[in-house]
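*Asks:* Keeping their order, the protein sequence lines are chains A and B.
According to the numbering used here, the residues represented by the first sequence are 1 to 428, in order.
According to the numbering used here, the residues represented by the second sequence are 429 to 651, in order.
Just so you know, these hints were derived from the structure itself, not from any lab.
All values reported here derive from a predicted model rather than from experimental measurement.
It is possible that part of the hints are untrue.
Only pairs whose alpha carbons sit at most 25 Å apart, straight line, appear in this in silico DMTMM-like list of lysine to aspartate or glutamate [what the hints assert, rightly or not]:
(1) A:K332 - B:E553
(2) A:K323 - A:D140
(3) A:K213 - A:D246
(4) A:K41 - A:E111
(5) A:K396 - B:E432
(6) A:K322 - B:E619
(7) A:K115 - A:D199
(8) A:K332 - B:E477
(9) A:K161 - A:E46
(10) A:K373 - B:E638
(11) A:K213 - A:D240
(12) A:K373 - B:D474
(13) B:K508 - A:E314
(14) B:K469 - A:D199
(15) A:K403 - A:E378
(16) A:K267 - A:D298
(17) A:K373 - B:E478
(18) A:K323 - B:D641
(19) A:K375 - B:E478
(20) A:K373 - B:E481
(21) A:K322 - B:E638
Taking beta-carbon pairs under 10 Å as the criterion, some of the chain B residues facing chain A (in silico) [said to hold, decoys possible]:
(22) M429
(23) P460
(24) N537
To be clear about the criterion: a stretch of chain A counts as covered by chain B if any three or more of its residues have a C-beta under 8 Å from a C-beta of chain B, and this derived list gives those stretches [what the hints assert, rightly or not]:
(25) 72-81
(26) 123-134
(27) 162-175
(28) 187-201
(29) 236-250
(30) 267-279
(31) 314-324
C-beta atoms are modelled at their ideal positions from N, C-alpha and C, and glycine is treated no differently.
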Amino acid sequence: MITTKLANPHYLPEICIKVTVINFTVTPDGLEDQLLVDVVKFEQPELEQQKDQLVVQLSEFKRQLQDTEDKILKLVSEASDDILNDEELIVTLDQSKQTSIAINERMVEAEKTAKMINENRENYRPVARRGSVLYFVVADLALIDPMYQYSLEYFSKLFNKRLEKSARSDVLEDRLNCLLEDITGSFYINICRGLFERDKLLYSFLNAASILKRSGAISPDEWNIYLRGTTTDFAGFKNDVPYISDAAFHKLLGLEEAHAGFADLSKSFAAAADAEFWTPMLTADDPQALPLPPVYADRLSPFQQLMLIRVLREEKLSQGIKKFIAAELGAKYIESPPFDLEGACTDSSSGTPIIFVLSPGADPIANLIELAKAKGMEARLKTLSLGQGQGRIASKFVDAGQKAGDWVCLQNCHLSASWMPELEKIQE
Amino acid sequence: MHPEYRLWLTSMPSTDFPVPVLQMGIKLTNEPPRGLKANLKRTYADLKEEEYESCAKPKEYKKLLFALAYFHAAILERRKYGAIGWNIPYEWMTSDFDTSKRQLLMYLNEQEVVPYQALNYVVAEANYGGRVTDDKDGRLIKAMLKSYFRPEVMNDSYKLSKLDTYYAPPEGLLADTRTYIEGLPLDEDPEVFGMHPNANIAFEQRIVAEFSDTILVMQPRVA
Chain A
1 MITTKLANPH
11 YLPEICIKVT
21 VINFTVTPDG
31 LEDQLLVDVV
41 KFEQPELEQQ
51 KDQLVVQLSE
61 FKRQLQDTED
71 KILKLVSEAS
81 DDILNDEELI
91 VTLDQSKQTS
101 IAINERMVEA
111 EKTAKMINEN
121 RENYRPVARR
131 GSVLYFVVAD
141 LALIDPMYQY
151 SLEYFSKLFN
161 KRLEKSARSD
171 VLEDRLNCLL
181 EDITGSFYIN
191 ICRGLFERDK
201 LLYSFLNAAS
211 ILKRSGAISP
221 DEWNIYLRGT
231 TTDFAGFKND
241 VPYISDAAFH
251 KLLGLEEAHA
261 GFADLSKSFA
271 AAADAEFWTP
281 MLTADDPQAL
291 PLPPVYADRL
301 SPFQQLMLIR
311 VLREEKLSQG
321 IKKFIAAELG
331 AKYIESPPFD
341 LEGACTDSSS
351 GTPIIFVLSP
361 GADPIANLIE
371 LAKAKGMEAR
381 LKTLSLGQGQ
391 GRIASKFVDA
401 GQKAGDWVCL
411 QNCHLSASWM
421 PELEKIQE
Chain B
429 MHPEYRLWLT
439 SMPSTDFPVP
449 VLQMGIKLTN
459 EPPRGLKANL
469 KRTYADLKEE
479 EYESCAKPKE
489 YKKLLFALAY
499 FHAAILERRK
509 YGAIGWNIPY
519 EWMTSDFDTS
529 KRQLLMYLNE
539 QEVVPYQALN
549 YVVAEANYGG
559 RVTDDKDGRL
569 IKAMLKSYFR
579 PEVMNDSYKL
589 SKLDTYYAPP
599 EGLLADTRTY
609 IEGLPLDEDP
619 EVFGMHPNAN
629 IAFEQRIVAE
639 FSDTILVMQP
649 RVA
């Protein structure tokens, strides 16, 4: 048996025909169910317990039924020619019939309970679904930068911690809203501290968009046209709006195709009354803040308004995106959370290293020394810059540090690629 | 393993860095924040009260310290305009600021009058200027600092750019200056850097293109 952590391992054909590949990668639905168990276990432990018992009970019933059936078949097959005179067989048959009736009755009962429990559990599904959506956004971040790695374990630890720490309420609805808010917010802060500035807005945008995509508020068509533009060829359509280019006109037609909300958009641009709204949008410094013609102001969702900005004023998209995020998630999701070294230190443990991801011009050592002073660890802070031949010394530092309880700081790990596998072993 | 043991690692983004360590670790970035306001805010958040009140010439120190923080933020932010901002994107660091800040305090404490010329030289040519290799950039950085490090800055009505928004706030408590920074606009006008508003268009286009391309890369591929 071979296992790999690669998401999509590539093997030669000769190997492929000899092995069976089993994919244990988690799916959005699978994770949702897993998180639902976590949520219900925490919120209503008796419910989850009941459910587990029922599952055991039901399978026990099914096994008993199967047993009786097997027994009958065995007796029938072994019976003598004269079945009607076989006393034992008749008695057993009679008994088993009664057992099976009783079991069936209890099964109906159990299934009813199971249904009730399930309905109850379903109440918590929005929270589990939010968790699953957030995780997959985080998991995809690894595609942007090799340092953006988050394991499912890290994620569910944080998820469960939030179940515990978030504000309680006896009203189910309040509690659910509170959980959704808290989980989304803490993930934003927790993940953002490890992201580069340029990726924070992106992360926030993906969060908002994924939540809406999952709930169906953004349709696949809308998302596709937002990302890639329309694929229909509108070359034959005549542009009857004098103040926009043909290309822009065709994009408007593309929007009309994307969603019913955009109906008659191109006509609206041509109509004099609406043109008063549209023309300022083409030149203003803040097109996202200007009013739309009343019909569209009522009809278009924040995401659809963003699609419109993208078509009309692509260079102002950043502002549009900020407005969209603020409308869907809240204003705090467009500002970077402050740099919080102390908070990170509180969350760490002897088994959880803290990794400063460097960018040109950033030097966190001064901050670290300051923190060490504040925590009275200054004398026990051991720093070492990695590089050629420093690996052995680093191992010694770590060994000594683990025993004495020092803070060991290894700088510039990227310069010591050959020692990195060693680091992996040390931390295990 | 000792419970107080902590492992701190620093690394540039690298594919050699072991994934399991990344996954179980806490990752932190420490970038200069984007935008003039955010940059000033960070600088003043890091300042300590006793440091702020430690100079024998409090007014001169506070005014010039703000001018220095503003200079630091302005030259860093100028980089976002690409070649319109600087010919070469220099990697100025917080340590350049810290050194200049210390020297400012020292000069003010040791000398009777504010040595503007010496301060200009040390900050723009030695500390920050040490990284500048292009002679036109060198001229610019000197000219920029000269418009902040000058006697007029002691005057509360002296503006740091053509706009009315930015000035060295009147001498006061550290908290007052922080409040003043809090009130600055989130996105700054290119005029702050003495640039034409059109400089912004190229910058915005680049940011949006990067943003959209990244999202496209992240989409699942459908065969």
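*Asks:* Sort out whether B:E477 lies within 25 Å of A:K332, counting only the CA atoms.
*Replies:* Outside the cut-off at roughly 28 Å; violated.
*Asks:* Identify whether the interface hint at B:P460 stands, where standing means a beta carbon of chain A within less than 10 Å of its own.
*Replies:* 7 Å, holds
*Asks:* At least three residues with a C-beta closer than 8 Å to a C-beta of chain B: is that true for the region 236-250 of chain A?
*Replies:* n = 0 at 8 Å, threshold three: violated.
*Asks:* For the pair supplied as a hint, A:K396 and B:E432, is the alpha-carbon distance within the 25 Å limit?
*Replies:* OK: A:K396 and B:E432 at ~17 Å, within 25 Å.
*Asks:* Quickly compare the C-alpha distance for A:K161 and A:E46 to 25 Å and report which way the hint goes.
*Replies:* 20 Å, holds
*Asks:* Holds or violated: are the alpha carbons of A:K332 and B:E553 at most 25 Å from each other?
*Replies:* Not satisfied, since the Cα-Cα distance of roughly 40 Å exceeds 25 Å.
*Asks:* Given the hint that A:K373 pairs with B:E638, does the C-alpha gap stay at or below 25 Å?
*Replies:* 40 Å, violated
*Asks:* Are A:K373 and B:E481 close enough, with their CA atoms no more than 25 Å apart?
*Replies:* 21 Å, holds
*Asks:* Examine the region 72-81 of chain A for residues whose CB is less than 8 Å from any CB of chain B, and state whether their number is three or more.
*Replies:* Check failed, 0 qualifying residues.
*Asks:* Is A:K267 within 25 Å of A:D298, Cα to Cα?
*Replies:* 17 Å, holds
*Asks:* Under a C-beta cut-off of less than 8 Å, do 3 or more residues of the region 187-201 of chain A approach chain B closely enough to confirm the stated coverage?
*Replies:* holds (count 8)
*Asks:* When I compare C-beta atoms, does the region 123-134 of chain A have three or more residues closer than 8 Å to chain B?
*Replies:* violated (count 0)
The structure shown violates the earlier hints numbered 1, 3, 7, 8, 10, 11, 24, 25, 26, 27, 29 and 30.
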